[in-house]
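Number of protein chains: 2
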Amino acid sequence: MLLEMGQKAKRAARILARLSTAQKNAVLHLMADALLADQSAILTANALDVEAGKANGLSASLIDRLLLNESRLAGIADGLRQVATLPDPVGERFDESTQPNGLKIRKQRVPLGVLGVIYEARPNVTVDVAGLALKSGNAVILRGGSETLHSNRALVRSLQRALTQGGISNNVIQFIDSPDRSQVLELLQLKDYVDMIIPRGGAGLHEFCRENSRIPVITGGIGICHLFVDETADLSAALEIIHNAKTQRPSVCNALDTVLVHRAVAADFLPRVVEHLAPAGVTFRAEPVAAGLLNHAAVFPAGEKDFDTEWLSLVLGLKVVDGLDEAMEHIAAHSTAHSDGILTRSDEHAQRFVAEVDSAAVYVNASTRFTDGSELGLGAEVAISTQRLHARGPMALRELTTYKWVIIGENHVRK
Amino acid sequence: MLLEMGQKAKRAARILARLSTAQKNAVLHLMADALLADQSAILTANALDVEAGKANGLSASLIDRLLLNESRLAGIADGLRQVATLPDPVGERFDESTQPNGLKIRKQRVPLGVLGVIYEARPNVTVDVAGLALKSGNAVILRGGSETLHSNRALVRSLQRALTQGGISNNVIQFIDSPDRSQVLELLQLKDYVDMIIPRGGAGLHEFCRENSRIPVITGGIGICHLFVDETADLSAALEIIHNAKTQRPSVCNALDTVLVHRAVAADFLPRVVEHLAPAGVTFRAEPVAAGLLNHAAVFPAGEKDFDTEWLSLVLGLKVVDGLDEAMEHIAAHSTAHSDGILTRSDEHAQRFVAEVDSAAVYVNASTRFTDGSELGLGAEVAISTQRLHARGPMALRELTTYKWVIIGENHVRK
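The listed protein sequences derive, respectively, from chains A and B. Residue numbers in the first sequence follow numbering that gives the first Met the number 0, run continuously in steps of one, and reach 414 at the last position. Residue numbers in the second sequence follow numbering that gives the first Met the number 0, run continuously in steps of one, and reach 414 at the last position.
By construction, these hints were calculated from the structure, which means they are not laboratory data. One or more hints might be untrue.
Computed cross-link-like contacts, DSSO-like style, restricted to lysine-lysine with a CA-CA straight-line distance of at most 30 Å [to be verified]:
| # | chain 1 | residue 1 | chain 2 | residue 2 |
| --- | --- | --- | --- | --- |
| 1 | A | K304 | B | K304 |
| 2 | B | K304 | A | K9 |
| 3 | A | K190 | B | K304 |
| 4 | B | K106 | A | K103 |
| 5 | B | K190 | B | K9 |
These numbers were taken from a predicted model, which means no experiment stands behind them.
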């Protein structure tokens, strides 16, 4: 069955690749309209998932993640209309040149083809990903979490109706309508039909996909993020940046995990960090030197694995370092190469940090929370890559394309 | 042992990534100098490989591929000096913007890290790849064919001496000095230390790497290439282009495999193709309609798999099609998405072909033989990718890099 889905997706993708931007945008609006028209069916289906989730003892925060209501659904539909306003990368020409022999050469963006997206609790991902795939000319095979099966089924039915209405094959958006995990394994084997696998979820899901996929996997979304407070940092500003990076939304991958503080300012600065963040509910894991400078109920000694832990919660690691070099060594050893920054007033230190720290996003004097497609000007986001090939950091429409070389001759032959 | 090589390479890569262009260029010249200085040791080692190859019954053409002599070695050394003249992609800034909130954003090219390159008979690959890796700031672990073990050992010894002389860790260029295939398997598992695997060789090697690698593999180098002769084609020019694409170097991946001819011109054109190419030693595999138009000793009926075969020799498939649509259908079904072209005087047909044929290189009125890094202006080539992610078509220095986002704030926090 998965094989058949793959074949259908591949065929649909060939046609989708040729649609104009206007045709794709029209369908995005039809999709938004359909979600609103089907609101009652979608919310009814979602209620089944919420009920089952409660019966299965899901945490309140997980229940909240899978919950849809009128305003959330309206927001999701609006997201599709936003995608319609974004520039279409397909057909973009770049690297144009004329060779000395007169051969005209350019590159031209084309869709990747078929995306396989495997995700967890949030039903909005179903719609967000479908919209971005459509706009970038890619067919998609979706596999959501079993906790949102009813919601996803209703959402996809609605989206597919819009595709048909727009005169597009509904094989452009397909959905693995089964909680059976073996289906994921099958999807990961479809190398002749699926061009890219995008896992969205925890470290376990990413690892499972990497281990089992015969298709290229976009690894990402795991961030052990650092800020280094240099001796020249504006310490008041640094406090606010650390507060923002840690507490503004602690459950996400670009939230701060570890603060490294220059020895020269540690005795002054570290107690201020604790005083400023503890009232927000933050607890601290301090290595011995840092711990020696602190005396607060929220401060605990750092365990062996603490600096290799993505907290995703109100926990913050604290460490004193001798300077820039030790900070960068710590980052090289413990970062997941997601988002790491320096807080400094030294241009020289900022430049060295930017040159030598090799993370997807490297910051100077800003919160790590900006590693996000919308914040960085992409208008959307399908994933945050922490791998090195193809795309790094936030990925949106352009990152869902590849290119072809177009070579125009006047009966050129090679000498 | 492989694990240790990976760890050393990773450490060396971090330092290499920070070298200036001038430093890297100086080392490239030292490498070229070293090869010339070590000429006698290298040619002596190569003679052992040639001798063993003859004793093992290697074909004359394989022996020729592995043979080094003074002038070939000088050419290889000169290649390193050429690489020194190419622009350095590392540090290139692109996609610069300032967000409405004042955040300054850019992307900046950085090396991929560590490359694993697995290749077959040609010893020049050892040097070519080492040079391109160095210039792009990547460490490399090389694994050449067992037929060239002595040659490669001597070449790498020479290159490593140059690295030391240039003050660079010789872990930047490492060599798996063993014919044992299990070492290749081990290399393919080093996901924490190696960032990209580049196989260079036949379809079997590519398949082996894809099947067994836990590291992203650049698939490519397999070309079933097509030219479609439209009814409006300049037939005399088409004859020369087909002759060039088939015979100029038949053993390579961008050589022509199949000619598709529009029905309206087939009766006139196909016999001319056969007359023009048969004297060059070309034999033909014609599907029934094409065969019916031909009467020549060099023409054979096409077998079932012939249109799915990369000939790599003086064999050419011939097929009559009803027009552009059937030609594109045939290409979609049989091409390896390497290099495919149209010969036409119709702008409309050229545009449709370029828009709808989704190969790494799409041609209008030119020989497929131009799919090559040097011919397309890259100045070099490390591989020709026929996969869709990361890079497509000829890959050179820039394609051996990735990027990081650099985000410069003035104490920005996320709202």
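Holds or violated: K190 of chain B to K9 of chain B, with C-alpha atoms at most 30 Å apart
Holds. K190 of chain B to K9 of chain B sits at ~11 Å (cutoff 30 Å).
K304 of chain A and K304 of chain B were given as a pair; does the straight-line alpha-carbon distance stay at or below 30 Å?
violated, 57 Å
Straight-line Cα separation of K304 of chain B and K9 of chain A no greater than 30 Å?
This hinted pair holds, its Cα atoms lying about 23 Å apart.
Hint consistency between K190 of chain A and K304 of chain B [alpha-carbon to alpha-carbon, up to 30 Å]:
Holds, at about 22 Å.
Does K103 of chain A sit within 30 Å of K106 of chain B, going by the straight-line distance between their CA atoms?
Answer holds: K106 of chain B to K103 of chain A is near 28 Å, not above 30 Å.
Hint check: a violation occurs at hint 1 only; the rest are consistent with the structure.
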